[in-house]
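A.B. asks: Letter by letter, the chains look like this.
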Amino acid sequence: MAIRRGRGVAAINYPTGMNLGGDPTQALVHSTPTGNFMVTLSSVDLGQGMKQIMAQICAETIGVPTDRVVVDTADTDTGPHCMGTFASRGTHRAGNAVIQAAKEARQVMLEVAAEELEVNASDLETDGQGNILVKGAPQKSISIFDVALSAHFKRGRSISGRGMFLIPRSYPEKETGAMKPSTCYAHACTVAEVEVDDETGEVTVLTVKNIFEIGRALNPKMVEQQLVGGSWMGISHALYETTEPYYPNRDHGGTDFNQYLMPGPGDLAQTEIIVLERPSADGPYGAKGPGEMCANPQIPAVANAVFDAVGVRIDTLPITPERILRALKAHAAN
Amino acid sequence: MAKVPVQFTLNGSEKAEFIDSGTTLLHALRDKIGDTSPKGGCHQGTCGACSVIIDGELRLSCLTLAETCNGAAISTTSGLSEGGVLHPLQRAFLDTFATQCGFCTPGMIMAAKMLLDHTPNPSRDEVVEALSGNICRCTGYEPIIQAVLTAARSNSQNAA
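Those sequence lines, one after another, are chains A and B. When the first sequence is numbered by the working numbering, its final residue is 342 and no position is left out of the sequence of numbers. When the second sequence is numbered by the working numbering, its final residue is 1038 and no position is left out of the sequence of numbers.
To be clear, the hints were calculated from the coordinates, so they are not data collected in a lab. Among these hints, one or two may not hold up.
Stated by the list, open to error - Far from chain B, by Cβ distances over 12 Å, these chain A residues were calculated: (1) Leu54; (2) Asp205; (3) Lys229.
Said to hold, decoys possible - Estimated spans, in silico, between C-beta atoms of each pair: (4) His339(A) / Gln1035(B): 51 to 61 Å; (5) Asp264(A) / Lys910(B): 22 to 32 Å; (6) Thr914(B) / Thr40(A): 23 to 33 Å; (7) Ala338(A) / Thr914(B): 46 to 56 Å.
Glycine is no exception: its CB is placed at the ideal position from the N, C-alpha and C atoms.
Isolated chain B, as found in the complex:
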């Protein structure tokens, strides 16, 4: 079958690939483009490990066809640090020991980024709601909730 061209922006840089029609964005990102930060946990939209932000919306890359992303702006966890300086969420996840095996972490961070982009000072309940589509097996969630609240506080301190 003929390959389909796709073109989009990934973390600010232009990407173009020829893919098989029906390729998921997760597969295209990981195996074609080489950004392995989105993880394939369940491949059916249940675990949230593959979460990415597409044109300002949190999306499950395992359920998104790559060819529907033509012209889109896609952000993943691997693009969050700037000049070697970690994003406040990455910093907070490290500082509060909010990760163990790390498999859920990129999806958690993208879900949390989406929340903080729109709600810079969320309540605990808002954090819980934002993370409720992401499964973690190791941490018991509480350290992750605390990491997001910590990142929100450090953001508001920096803004002040």
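Here chain A stands alone, though its shape is the one from the complex:
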């Protein structure tokens, strides 16, 4: 009986979004009379930073500072349609929809500015600070504030845009079964080091080293924060969490936080995160989906590390002391 150490590695290839009946998200953008921009979405921010990212995307596309954009995700009854915030799809799907809507709004904004400045809209550019300038003659300019006032009170134009991003459903080919389940994949690899007590079956994760390829990180600090949390969550899935420990038997399922185990602040593995940015072809400004993806590679890495440590393959999650001890017993009997 001893504490045995093991190391495991796993790599994943993770689709951004899903492919059930098609995967759409809709976005609407409009300006207020004072030249702020509203993004209306039904894509809910669960804390992953959806609103911040959508504000950045809208601001970048229209050419205004981020703090001039307000994102409203108030109500899925009345808002534009979104399949939801899951499957690592929020940034990719909603972001593309926001770009489309913001481009249309920007075009109207430039047309109104062109009328005010008596130039062609195609000769105008934004400075990113809230002004519209004539290309090559920046002394001739108008603020977006004044453009919005003009649109609302003088010219009767709606500075607004509609966006819809759809990944259509892919049907398998009859002959080969080949299909295109996703257009965009993120990637990750994790190396986990564990100690397994072969007397008690307890697993301690010593270190997790993760590398994530997530397209372009639109907000690097928020990406990092999601990856750190996701890495912890992956370990939690691997070793702790279940509502049905004896599935399909429902007995002994956790009913509250007392009985639903997750690692606490005293159970943290030493965690390393490395981000690789390889901009995606169809993502908003090159982004992919880092969300759900980032909590996956730790699970097979920990399972492989347990195998390396004590020589048993646990193929049911979570990898509990009980499962390890049963497997060790069966292993010894053979």
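We have chain A; now place chain B onto it with these hints.
C.D. replies: Only chain B this time, still in chain A's reference frame:
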């Protein structure tokens, strides 16, 4: 049933309410007085989201009867900033990205405040111990631990 009067100090200002006997402090704070900074996560004392400081002690407001708080001094996260300037812990939580959905944050901050009030320069282990009654689902805890250590450092720099 007759209502029961309660009177206490919340973040330095006098509060008085008539409540049903058996009302928890969490319910009284959120739904009677309108301080929604303590959160109701589990309502059974497991998650720490409702943590407040009562007469210098960290308490779970979901397990504390409001009528036992007569005459007490209660602090919540909503009372931490002064004149629009965030408390060093709030500043550190923001600066180190120690919050995602934010539901656990007020409880974490009160638990951390309790620690720093008594142990201005805590070790990492002391921070872990102080936060061990609070559950977070998003961050993986490490950013929160770092936020508390950062706040402690900024406090000691300001004191020096």
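A.B. asks: Against this structure, judge whether each hint is valid.
C.D. replies: Each hint tested on the structure:
1. Leu54: violated (6 Å)
2. Asp205: holds (22 Å)
3. Lys229: Per Cβ check, lysine 229(A) is inside 12 Å of chain B; nearest 5 Å; violated.
4. His339(A) / Gln1035(B): 51 to 61 Å: With a Cβ separation near 56 Å, histidine 339(A) and glutamine 1035(B) satisfy 51 to 61 Å, so the hint holds.
5. Asp264(A) / Lys910(B): 22 to 32 Å: holds (26 Å)
6. Thr914(B) / Thr40(A): 23 to 33 Å: Because 28 Å falls inside the window, the suggested range holds.
7. Ala338(A) / Thr914(B): 46 to 56 Å: holds (53 Å)
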